[in-house]
Every structure is written in C-alpha cells, then in structure tokens.
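A.B. asks: Residue numbers (this note's numbering), protein chains in the order written: chain R, 191 to 391; chain C, 7 to 266.
For the record, the hints were derived by calculation from the structure and aren't laboratory data. Keep in mind that this is a model prediction, so the values were computed, not measured. Idealized CB from N, CA, C, for every residue including glycine. Careful: at least some of the hints might be erroneous.
Some but not every residue of chain R turned toward chain C, in silico, with C-beta under 10 angstroms [said to hold, decoys possible]: (1) 207; (2) 245; (3) 246; (4) 275; (5) 314; (6) 329; (7) 376.
Label-pair restraints from in silico Cβ distances [said to hold, decoys possible]: (8) R:202 with C:123: 23 to 33 angstroms; (9) R:202 with C:167: 30 to 40 angstroms; (10) C:127 with R:284: 40 to 50 angstroms; (11) R:284 with C:224: 21 to 31 angstroms; (12) R:230 with C:79: 49 to 59 angstroms; (13) R:315 with C:181: 43 to 53 angstroms; (14) R:195 with C:167: 20 to 30 angstroms.
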Amino acid sequence: MIELRDVGHVHAAGSPWARRALQHVELDVAIGERIAVVGHNGAGKSTLAEILAGVLVPTEGLASLDGTPLDEVDGRLALVLQQARLQLLRPLVRHELEVGAASRQVRELTGRLGVSHLFERPVDQLSGGQQRLVALAGALLRGRDVLVLDEPFAGLDGEASAQLVRILDEIDGTVIVVTHDLAPLAPLAPRVVRLDRGGVS
Amino acid sequence: MSRRSRDLADLTVLRYVPGDSVVHRAGALAKILVLVAMTIALAARASWPAIATAGGLAVVGFVAAGLPLGVLPRPPRLLWWGLGLSATLAVIAGGEPEIVVAGTSFEVGGLEAFLRFFALTIVVLGTAGLVGWTTPAADLTPAIAAILRPLRPLRVPVDELVSALALSVRVLPLLIDEMRTVALVLRTREPKDDRKLSSLVLDVMATVVATSVRRAVELGDALMTRGGSRVPASSTPFGVLDGLIVVLGVGLAVVMVVAG
Numbered sequence: 191m192i193e194l195r196d197v198g199h200v201h202a203a204g205s206p207w208a209r210r211a212l213q214h215v216e217l218d219v220a221i222g223e224r225i226a227v228v229g230h231n232g233a234g235k236s237t238l239a240e241i242l243a244g245v246l247v248p249t250e251g252l253a254s255l256d257g258t259p260l261d262e263v264d265g266r267l268a269l270v271l272q273q274a275r276l277q278l279l280r281p282l283v284r285h286e287l288e289v290g291a292a293s294r295q296v297r298e299l300t301g302r303l304g305v306s307h308l309f310e311r312p313v314d315q316l317s318g319g320q321q322r323l324v325a326l327a328g329a330l331l332r333g334r335d336v337l338v339l340d341e342p343f344a345g346l347d348g349e350a351s352a353q354l355v356r357i358l359d360e361i362d363g364t365v366i367v368v369t370h371d372l373a374p375l376a377p378l379a380p381r382v383v384r385l386d387r388g389g390v391s
Numbered sequence: 007m008s009r010r011s012r013d014l015a016d017l018t019v020l021r022y023v024p025g026d027s028v029v030h031r032a033g034a035l036a037k038i039l040v041l042v043a044m045t046i047a048l049a050a051r052a053s054w055p056a057i058a059t060a061g062g063l064a065v066v067g068f069v070a071a072g073l074p075l076g077v078l079p080r081p082p083r084l085l086w087w088g089l090g091l092s093a094t095l096a097v098i099a100g101g102e103p104e105i106v107v108a109g110t111s112f113e114v115g116g117l118e119a120f121l122r123f124f125a126l127t128i129v130v131l132g133t134a135g136l137v138g139w140t141t142p143a144a145d146l147t148p149a150i151a152a153i154l155r156p157l158r159p160l161r162v163p164v165d166e167l168v169s170a171l172a173l174s175v176r177v178l179p180l181l182i183d184e185m186r187t188v189a190l191v192l193r194t195r196e197p198k199d200d201r202k203l204s205s206l207v208l209d210v211m212a213t214v215v216a217t218s219v220r221r222a223v224e225l226g227d228a229l230m231t232r233g234g235s236r237v238p239a240s241s242t243p244f245g246v247l248d249g250l251i252v253v254l255g256v257g258l259a260v261v262m263v264v265a266g
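So that you can see chain C by itself, here it is in the shape it has in the complex:
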C-alpha cells in the first residue's frame, strides 16, 4: 500500500459548485447574513439544542443545494490522531456530570465539553462551506461590503477592510499552491535529515513567508497597473427569496439564543 495517497492540489477552499437550486439562487448577502446570525447565536448559546438546530439547517441547505458528498474535505489522518489525543485528555480531565458504568463512576464533563466544541466547529465550518460551495467568489466581496457599510460613519475603514478580504480570497489558491510545492520538496529531501525538527520547521516557515511576500508584491503591482482594488457593487438585487431566507435564518438564530 502506498505511503502517500494525499495531494494538497486536491485541497479546495471556497470553490463554487455550479447549480440552479434555491440555495444557489439566493443572494450572497442573504446567505452571509444568516451565517453571521448563526455564528453569533452559537457563540452566545453553545448548547446542544442550538448546535443541533444550526447543524440541521446546514444539512437541509446541503440537501436543498443538491451538493454531492464529494465536496466534503477529507482531513488528513494526523488531524484524527490529534482529535483522539484531545478527547483522551478531556476524559482524563473529568468534571461533572458523573456516570456509573458497571459499578465504576466516571466524570464525563470534560469529554462532553470537548464533543460540544467539536460539534460546534463542524457546524460553523459546514455552514460557511455551504455558503462557499453555492456562491461565486466574486459575489462574496460586494456582499461583505454591504454588511460593513453601516460602520462607515463610525470611521471604520470599510473599503480597506473589504479590499484586504477580497485579496485574501484571491490569494488563497496561490497559498495552497505554495504549500503543496513545499510539501513536494520535503518529500524529496534527505530521508534522514540530521537537523532538528524545529530547525526544519523554521526554515520552511521562512521560505514560505519569503515567497509569499514576493508574490504579494507582484500581485499588488499587477493590481495597481489595473487601477487598484476597487470593490465592485453587487450585481444581484436583494429579492423576495433573499428576504425570506434572512427572516427565517435570523429568526431561528434568535430562537436558539432565547430558548437555549
């Protein structure tokens, strides 16, 4: 069996899956507003019923969008090991409540908190993924600009923030490409590198930062020659469907906070 079966080129972030579902037709602004409302509600009330409600909404959205299961990322094995270790530490930490199994009592408070945090992370990432898979990347920036626009009277540098965000989205594929190249390079280095791991990690980080800075400068130059990074206005008007989605989503978020 092969030792290496994964390739970072297969990593996809914020990649749009074309479709004509109701979730695809909804505007970016409506979907981001619901995402923000859900995230705030979960941050305010991270209870199991609230997490289950938000998770249920994400699953309904996933099914309604007709997304294939292939869009779901396959985390590296290392992540599962890390989660297993964290769960073990959480079990050792103990804490209320206590359960009795075959006459022996166990404190499972730490494990319950860990599982709740894990479930919350999956739900938030899944909801954000749903927005990414059903919304063209070009529509995200104008939507975020529209959400932040009310902060302008408070002298918040909205345009600069949105431009930075748009550039971040744009350079994501470049960063993934560089991470992949470094991963390839590490595979071709000495089988037994005599240097300490910390030294190798520092060298890799320095290399990635140096090349990323160079790429950022090139990207900046390219943008300036095209007249700077203006944020385009949204091309899709806020329709009835968007209003309905926002009312339902934000309403559900309010219920999650109030009912706990």
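Excised from the complex, chain R in its bound form:
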C-alpha cells in the first residue's frame, strides 16, 4: 500500500523564490490499483508524480510504500516522464531495452507496444511519443510493480493512446497516470484523484 500522509511540497523552500506545489495531500493507493491524477496546469500533478515515484522527497508529511519511505524503496517504482528523451540514456533502442529480460519477453512486449520495428534506431531519431513508449517498455522490462506516468498521452495519436491504455490494463502492478485529460483513460476505469491548487479535492 502506498500511503501519503499530510504530504506537502515547497520548491526552493527557505529561499525568496519558494513556491508551494502541494499541500495536505492524503492518499492511499492499493497495490494493483489504477489511479488517474487529474488537475489543471500548475495544480501540482508533476510534483505529486515525482513524489509517488520516490524521486522527490516531500518537504512536509510522509510518503511511504508498505511503511518504507518512497525515496528509500529500491527497484519497485518507475517513472515515465512526458519528456522521455532524457530517460533514454543509451544510444540505440535495443541497448535501452536490453536490461536482463529474456529476449522473448523483450520481443513480446515491444511487439505489444508497437515499438519492435524501432529496435535498431538511435533514440534521437524517435518522435516524442515513441520515446515515451520505449521508456515505458524499459520500465516494464525492469519488472517494476508501481508505474507512474506523467502525461503519457501527450503527442500520441488516438490509436497509439488506445494501445497504451490496453497495455496499462494488462499490467499486474499499480498504475498511476498523471494527466490533464481523462478521456483516453476511460477503458482503464481508474479511480480519479483531483488536484486543485496543490491539494486533493
């Protein structure tokens, strides 16, 4: 169970440029649950996504997975960013996806995600949407059981969005999607968490 207790975050806290992104967030996410976090621009969605993925420590409150602070959880959490190019640290898609998984598993997953034809392509030659799909494939192949996706549908066409939702639906683990647009997620029937001015409403 992921638990957020009175979580708040202030960027550049203690400086004259301090900016509050989140306040008093209470959230429980069961393992295997599907969650959609929605909100307007500046509502704190990306900050919440980073906290849920354990890469940002909240300045207030406690965020934990089964009692362990999220930032101390190793190898279970994954974050797929909207600007996924910076997540792909190896030159070719093939290099990025060779992460110890069996080649059959890699072929099967990349086939389902529709990126198998990109295997020999340099990551720089992929579109933004393709880069995000490759980043997602990498996270799934690494066997993470909590997936946090920040605006995953940005730049994807309707067919690619539908395919992505089907893939997410087949995942056994927890899926948390941060988005401003709920429509593509309808088939996933997620629990919807609304963020408004930094708090859950």
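Keeping the supplied structure of chain R fixed, place chain C upon it in accordance with the hints.
C.D. replies: Leaving out everything else, chain C in the frame of chain R:
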C-alpha cells in the same frame, strides 16, 4: 532519515530578488563595472587584505540590499567532501611558512594557499551573486554591451558576443531543468547498474548534449521567427548614484592593487 533531501529544482542561478534598496536602484552597468574592477584587482593581487576588502564590500552590499540569507545556495555534501580532500592534500604538500605546535613543526604554506584560493573564489562568486540578486536579468545584457562597445573599432564582434551571452543567460533555466530530469532518471534506474561508472557518465553526457542541441535549435528557430536576437539598449540612464558607486568601487580596487 531520508537519503535524498535535495532537488535540483531548488537550484537558482542569477535569480532576481525584488527590492528597493540603494543596491537595487543602482544601474546594472555600475554594478558590473565594480564587479569587473574587483575581479581584476583580486587577480592582480590575491593577498589576504585585498580578499578581505573585497569580501567586506560584498557583505556591506548584501546587508544594504536587505537580502535574506535564504538566497545563499546550499552546496551539495559532495562539494564539502571534495574541499576536505583538497585541504588534506594541501596540508600534505607542506611549504613555507613553518609553525611549531607542541614541539612539532608543520609546513602550512600549501594549506594557506588553498585557503586563500578558496576565500577568493567565495568572494568573487558572492560579488557576482550580489549583482545577480539585485539586478533584473534583462538589464544585464545592455550593460555588458555598453562595456564592450569600445572594442568595436578593434573589429571585436561585440554584438555577436553579447547575443551569445544573452542567450546563455536565457537557456540557464532550461539547462538546470534538463540536469534535474537526468538526476531524476538516474534515481529510477537499476539499483545495481552493472555498467562501469565511466560508461554511465558518457551516456549521460551524450544524452544531455543531444537534448541541449535540440533545445538550442528550437530556441534559435523561435528567435528567428521573432526577428533575431537584437540586444536592446539600456532603458536606465547612468545616474549620479551609479557614478558614485563606480568611483568608490574602482577606487577601492586601485587601492587593493597598490597597497596589496
């Protein structure tokens, strides 16, 4: 206790702190001229009295500007470890002068040189920070253009240099944003990456360069559609206060060089 308490999003470079102090009201040109004079003086005569004088001026400016202590950056722990290691090596290096403690003599020349260099770095960065915190970024470029303008007859490409400088200032937040993203990504990678550190560092550098080049191209295209990157003329005239600040600052710099 948390393992990660720092976030690169908190890193602020050349960020203006609004205010109405005498330091805020002074023009960018005057402040940059004093900064240049102090830097030249310290480069010419990096003695303890000169460093203390420049540091004192920076502290007076800081207090006069009414800046909160929160503007001061909090360096990562790794930097303090690096400085500790450097200081240790400086102690081992020895050198004149020699001091005697409890009957044992130590050569502290290396440590003294290290501490002097460290203090000089802090003073120069602090003075530059003072200019950044009290001057809107948009005022910096015209001021630098005014300083470099006399070099034009020598066929120095002043406009190009100033444009490049202005763009550098403008892309700083973008670079910090990209550094932050890479740092986030590294935290979500394998806990035990079997690759060598050098290989990972090379991959990270290649990724950052590739995305930065792409962003630079996009920024260039955006600028061209807006008619290029002309350097605006300074909107604030050089006033009496500016003249006074330049005379005092440059005068102090001259004294630092002459008196040592």
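A.B. asks: Run every hint past the structure and note whether it holds.
C.D. replies: Hint check results:
1. Given the 10 angstroms rule on beta carbons, the hint for residue 207 (chain R) holds: about 6 angstroms separates it from the nearest Cβ of chain C.
2. With a cut of 10 angstroms, the hint placing residue 245 (chain R) at the interface with chain C holds, because the nearest CB-to-CB distance is about 5 angstroms.
3. For residue 246 (chain R), the shortest C-beta to C-beta distance to chain C is roughly 6 angstroms, which falls under 10 angstroms, so the interface hint holds.
4. With its C-beta approaching chain C no nearer than about 5 angstroms, residue 275 (chain R) sits inside the 10 angstroms limit, and its interface hint holds.
5. With a least beta-carbon distance of about 5 angstroms to chain C, the hint placing residue 314 (chain R) at the interface is held under the 10 angstroms criterion.
6. The beta carbon of residue 329 (chain R) is positioned within 10 angstroms of a beta carbon in chain C (closest approach about 8 angstroms), and the interface hint is therefore held.
7. A cut of 10 angstroms between beta carbons decides the hint on residue 376 (chain R): the least distance to chain C is about 28 angstroms, and the hint is violated.
8. Restraint check, residue 202 (chain R) to residue 123 (chain C): a C-beta distance of roughly 30 angstroms satisfies the suggested window 23 to 33 angstroms.
9. As the Cβ distance of residue 202 (chain R) to residue 167 (chain C) is approximately 31 angstroms, the hint placing it in 30 to 40 angstroms holds.
10. Restraint check, residue 127 (chain C) to residue 284 (chain R): a C-beta distance of roughly 45 angstroms satisfies the suggested window 40 to 50 angstroms.
11. A hinted range of 21 to 31 angstroms for the beta carbons of residue 284 (chain R) and residue 224 (chain C) is consistent with their spacing of about 28 angstroms.
12. Our hint of 49 to 59 angstroms for residue 230 (chain R) and residue 79 (chain C) is violated, since their Cβ atoms are close to 32 angstroms apart.
13. Separated by about 23 angstroms at the C-beta atoms, residue 315 (chain R) and residue 181 (chain C) break the suggested range of 43 to 53 angstroms.
14. Distance hint check for residue 195 (chain R) and residue 167 (chain C): the Cβ-Cβ separation is about 54 angstroms, which falls outside the suggested range of 20 to 30 angstroms.
Hint violations for this structure: numbers 7, 12, 13, 14, all remaining hints satisfied.
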